[in-house]
Each structure stands twice: as C-alpha cells, then as structure tokens.
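**Q** Sequence:
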Amino acid sequence: MIEIIPAIDIIEGKAVRLSQGDYSLRRTYGGDPSEWARRFADCGAGRLHLVDLDGAKASSPKNLRTLETIASLGIVKIEWGGGIKGGEALESVWNAGADWAIIGSVAATDPVLMERWLGKWPERIILGADVRNGRVAVKGWLEDGGTGLEDLIERFAAAGLKRTIVTDISRDGMLGGPSFPLYTALKERFPSVELVVSGGVSGIGDILRAGELGMDGIIVGKALYEGKITLEELSSCLQRG
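Heads up: the sequence shown at position 62 corresponds to 61 in numbering that gives the first Met the number 0, and the numbers run straight through without jumps.
Calculated from the structure, these hints are not laboratory results.
Please note that the accuracy of each hint is not assured.
As the list claims (entries may be wrong) - Once the Cα atoms are required to be at most 16 Å apart in a straight line, the calculated EDC-like pairs of lysine to aspartate or glutamate come out as:
| # | residue 1 | residue 2 |
| --- | --- | --- |
| 1 | 186 | 149 |
| 2 | 119 | 90 |
| 3 | 13 | 98 |
| 4 | 56 | 122 |
| 5 | 161 | 114 |
| 6 | 186 | 225 |
| 7 | 13 | 34 |
| 8 | 56 | 98 |
| 9 | 161 | 211 |
| 10 | 76 | 11 |
| 11 | 119 | 98 |
| 12 | 161 | 98 |
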C-alpha cells in the first residue's frame with residue numbers, strides 16, 4: 000500500500016501553502032503547525048513532510064523551533080527539508096528531532112557532499128528533486144540547479160540512495176493532479192529507489208492512482224487544507240493501508 004504523507008510548509012512559524020513555488024502566492028492556514036501535526040497523527044499518519052520555506056530561501060534552517068515542538072510530541076515521524084546546505088545545518092536538524100533530512104540544493108550543487116551524507120546516513124537522507132521543465136530547481140525553487148532530474152537520481156542511486164521525493168513545480172499547489180507519466184517513467188528506470196509523488200494532488204483518486212502505478216509514497220498538502228480531501232477521508236485511507 001502506498002504511504003500517504005501529509006505536508007506542512009512553514010513560513011515564520013505558520014502553516015502555509017504556495018502555488019507553483021511562488022512565495023508571493025502564499026496562503027496561511029489557521030492553527031499552528033503543531034496543531035496540524037496532531038490532526039494528521041490522529042488520522043493515523045505515521046510520517047509528516049515538513050518544509051522550512053524560510054530556510055530554503057535563506058539557505059539555512061529558520062524554523063527549527065517548530066521542528067522541536069512537533070518532534071517533542073512523540074506522535075509521528077518527521078522528514079524535514081529547507082536550508083540544509085552544510086554539515087552544521089544538517090546536525091541542527093538531527094538535534095531538533097528530525098527522523099529524515101530532505102536534501103535538494105546540495106544534491107544539485109555539491110554532489111560530493113551529498114554522497115558523503117548518503118554514506119554516513121543511508122537510511123535517513125532523502126533526495127528532494129524539485130523539477131521545472133525537466134531541470135532541477137534549487138534555493139527554494141528560485142534558481143536552476145544546472146542538472147537534469149534523471150542524471151541526478153542516477154548518480155545518487157549508485158551511491159546508495161534509498162528514497163527520493165520528486166516534485167513537479169508546475170503542478171504544486173494547483174490541485175490539477177500529479178504528473179503521472181513523469182513518475183511512471185522514473186519508477187521504470189529506477190526500480191531500486193523508493194519514489195514519492197509530490198505536487199498537484201487534487202483528491203483521493205490521485206492517491207489511489209499513484210498506488211495502482213506502484214509508487215511508494217505520495218505527499219498531500221493543499222488538497223487537505225482546502226478540503227478536497229477531508230480528514231475523515233485521510234483517516235479512512237490510512238486505516239485501509
């Protein structure tokens with residue numbers, strides 16, 4: 000069964016969602032991130048996808064207090080991304096309570112460091128590949144990282160990569176459905192790497208479709224906050240899994 004992973008994006012300690020990665024098109028949702036974490040955990044979620052959008056933009060973690068607060072609840076595992084550009088930042092994320100670290104910009108701009116981290120934490124490092132027109136974007140989706148998606152995954156698969164989250168930026172926050180042809184092609188080419196769908200989920204049907212296609216996980220964000228998928232539906236899906 001596919002793993003359903005609720006997302007919480009964070010700016011200034013608040014839960015927000017962007018559209019197509021545009022910081023000017025953000026919407027803040029009521030309740031602090033820890034309250035959303037409790038709701039999702041109560042539904043049966045075993046893992047949350049937390050992204051420090053301030054950190055991604057500033058190239059260093061900025062919302063570690065939020066991570067500490069959620070981790071201290073002890074109710075759900077956490078994958079954390081945003082602003083992890085060096086060893087000190089990565090250690091700060093571990094110390095704040097993250098179970099996994101999502102590495103995006105460093106993977107594209109300093110692959111040797113990414114390989115070193117994979118060697119040290121093979122089960123805890125996740126490749127975060129955010130894609131625009133087939134190219135990997137970095138620095139909070141603001142810049143082209145200078146490499147193609149498949150080339151990136153191929154390099155790190157050889158270095159022991161276990162899991163990657165691929166986000167189609169053009170679909171993110173748009174509720175238009177994921178880019179399933181992209182994920183199907185990637186799963187066929189890299190069967191040994193766990194593939195997580197991210198961007199565009201519009202309803203339960205998208206989750207079921209991703210499961211049918213053999214995807215390992217799917218991140219659900221705006222569809223939950225906008226009521227396209229209710230917490231009751233989320234709970235039902237998680238319990239079936």
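**Q** Now, for every hint given, state plainly whether the structure supports it.
**A** Against the structure, the hints come out as follows:
1. Distance restraint check for residue 186 and residue 149: the Cα-Cα separation of roughly 11 Å lies within the 16 Å cut-off, and the hinted pair is therefore satisfied.
2. Our distance criterion of 16 Å between C-alpha atoms is met by residue 119 and residue 90, whose separation comes to about 12 Å.
3. Note on residue 13 and residue 98: the hinted pairing is violated, with a Cα-Cα distance of about 21 Å set against a maximum of 16 Å.
4. For a cut-off of 16 Å, the pair hint linking residue 56 to residue 122 is broken: about 26 Å separates their Cα positions.
5. Taking the CA atoms of residue 161 and residue 114, the gap is about 12 Å. The hint holds against a cut of 16 Å.
6. At most 16 Å may separate the alpha-carbon atoms for a hinted pair to count; residue 186 and residue 225 exceed this at roughly 29 Å.
7. For a cut-off of 16 Å, the pair hint linking residue 13 to residue 34 stands: about 11 Å separates their Cα positions.
8. Taking the CA atoms of residue 56 and residue 98, the gap is about 22 Å. The hint is violated against a cut of 16 Å.
9. For the proposed pair residue 161 and residue 211, the alpha carbon gap of about 21 Å is over 16 Å, so the pair is violated.
10. Straight-line distance between C-alpha atoms of residue 76 and residue 11 comes to about 22 Å, which puts the hinted pair past the 16 Å bound.
11. Taking the CA atoms of residue 119 and residue 98, the gap is about 14 Å. The hint holds against a cut of 16 Å.
12. Pair hint residue 161 plus residue 98 holds up; C-alpha atoms about 15 Å apart against a cutoff of 16 Å.
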